[in-house]
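S.K.: Letter by letter, the chains look like this.
There are 2 protein chains.
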Amino acid sequence: MTQKWLEICFTPAIFSEHADREAIIVVVDVLRATSSICNAFANGVKEIIPVSTVEEAREMKGKGHLLAAERDGFVLSFADFGNSPFNFTADKVQGRSVVYSTTNGTGIMNRASDCHEVVIGSYLNFSSLCSWLEMQDRKVVIVCAGWKNRFNLEDTLCAGAIADRLLRGGGFRTICDSVHAATDLWKAAREDLMGYIEKAAQRSRLRDKGLDDCLDFCHTFDVTEKIPVLRDGKIVEL
Amino acid sequence: MTQKWLEICFTPAIFSEHADREAIIVVVDVLRATSSICNAFANGVKEIIPVSTVEEAREMKGKGHLLAAERDGFVLSFADFGNSPFNFTADKVQGRSVVYSTTNGTGIMNRASDCHEVVIGSYLNFSSLCSWLEMQDRKVVIVCAGWKNRFNLEDTLCAGAIADRLLRGGGFRTICDSVHAATDLWKAAREDLMGYIEKAAQRSRLRDKGLDDCLDFCHTFDVTEKIPVLRDGKIVEL
Numbered sequence: 039m040t041q042k043w044l045e046i047c048f049t050p051a052i053f054s055e056h057a058d059r060e061a062i063i064v065v066v067d068v069l070r071a072t073s074s075i076c077n078a079f080a081n082g083v084k085e086i087i088p089v090s091t092v093e094e095a096r097e098m099k100g101k102g103h104l105l106a107a108e109r110d111g112f113v114l115s116f117a118d119f120g121n122s123p124f125n126f127t128a129d130k131v132q133g134r135s136v137v138y139s140t141t142n143g144t145g146i147m148n149r150a151s152d153c154h155e156v157v158i159g160s161y162l163n164f165s166s167l168c169s170w171l172e173m174q175d176r177k178v179v180i181v182c183a184g185w186k187n188r189f190n191l192e193d194t195l196c197a198g199a200i201a202d203r204l205l206r207g208g209g210f211r212t213i214c215d216s217v218h219a220a221t222d223l224w225k226a227a228r229e230d231l232m233g234y235i236e237k238a239a240q241r242s243r244l245r246d247k248g249l250d251d252c253l254d255f256c257h258t259f260d261v262t263e264k265i266p267v268l269r270d271g272k273i274v275e276l
Numbered sequence: 039m040t041q042k043w044l045e046i047c048f049t050p051a052i053f054s055e056h057a058d059r060e061a062i063i064v065v066v067d068v069l070r071a072t073s074s075i076c077n078a079f080a081n082g083v084k085e086i087i088p089v090s091t092v093e094e095a096r097e098m099k100g101k102g103h104l105l106a107a108e109r110d111g112f113v114l115s116f117a118d119f120g121n122s123p124f125n126f127t128a129d130k131v132q133g134r135s136v137v138y139s140t141t142n143g144t145g146i147m148n149r150a151s152d153c154h155e156v157v158i159g160s161y162l163n164f165s166s167l168c169s170w171l172e173m174q175d176r177k178v179v180i181v182c183a184g185w186k187n188r189f190n191l192e193d194t195l196c197a198g199a200i201a202d203r204l205l206r207g208g209g210f211r212t213i214c215d216s217v218h219a220a221t222d223l224w225k226a227a228r229e230d231l232m233g234y235i236e237k238a239a240q241r242s243r244l245r246d247k248g249l250d251d252c253l254d255f256c257h258t259f260d261v262t263e264k265i266p267v268l269r270d271g272k273i274v275e276l
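From first to last, the protein sequence lines are chains R and S. Counting in my numbering, the first sequence runs from 39 upward without gaps. Counting in my numbering, the second sequence runs from 39 upward without gaps.
Pairs count within a copy or across copies, as identical chains cannot be separated in the list.
Taking lysine-lysine and the DSS-like style, the derived pairs with C-alpha atoms no more than 30 Å apart in a straight line are:
(1) 237 - 42
(2) 247 - 42
(3) 225 - 237
(4) 247 - 177
(5) 247 - 130
(6) 186 - 237
(7) 186 - 225
Think of the hints as simulated: they come from the structure by calculation, not from any bench. Being a predicted model, the structure only gives us computed values, none of them experimental.
Isolated chain R, as found in the complex (with noise of 0.2 Å):
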């Protein structure tokens, strides 16, 4: 067996610093774009195709794509929908290819797909998804999408949830500060987890905007087994 090492990209801007080939990537979009893939698989989507830019998203609408996109929690005006989990219904996904753009989670899931794998985590699928990776003999890294390439609380807690998991059990090693903050966040945090996340920025943010009615949902631990895994452009259920 190889080592299996254990890191965490608190942001996309050092994505760069944490890139490696050989590793399986997890993006961590706590509020609200890893909890909504998450929710749309547990609900049957066929695929969902993530777009990085407002333009692709557009093009995508053009050729008659279902469209979910927003940009700071508001929904395109020619989207079809946003980006709350909520909009990710049977009714309107099963089946179906999904375009998505959002404002942080889906450009570094394009920007990851030279890694070995890339798959999407979320409280939503937690055990499914780290009984994988640990099942896995490879390096992983967990890159929280953040906010506009800074560092948020939300998407550090749930990696610090899944890293204390495979730290624990799973035979993985670190030599990453990240990691070990993130952890220690977790646990300082995991007794009163929304009583914690009243601290973050984007619980503000969604409070202001009327959109937090998915606060709960997207801090519920395993919703669904599935583990969205991105396949040529494309995200498919592992």
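Given chain R, work out where chain S should sit, using these hints.
M.R.: Same frame as chain R, but now just chain S:
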């Protein structure tokens, strides 16, 4: 009084996201650049000229300057001495001008020079620095030098200690997730700071190179009351 906002920037890679021409920038590079600079002023250095590149350091040495310079912990071959705070003794630096170049810390000092003020922070000048910051009617951004654009623990903890003090008594407010993370990590670490620092990758790097004799010293509060500040490309006493 204007609102005194507080932010922490975890790595120079995202400095542009936090940069604000109206703000005071506090540069923190605990192991070892800003600890060494504080110690140099404690020992009577006249001024320190931070240079970003090895080429600039070589050029300045050629002009007859006293040069302290390292990369990855190794003293540059043409330098007078390296990056340990114990090099900046009174017999070497008192009354003199020293050119200084390090792996992480000195580059960000120069990049921040457009901001209202750039001051040098460490545990060594903690109380005088915090007292001075509390008296200013300004936004403060604490910038962690990090390690080659990555997040690091030792700078984060010191930034967290400063932030904890400013938020408790200094009339500062924050909506910056990095501040919450750093203060919570500081609270988790402060009871056994040197034990916590054992987790830091830089702690291992210094040990491997036999450069860890300064570890305790760099985590000592209030060795000096001097506050080094960048003025016209030179670090002088405030």
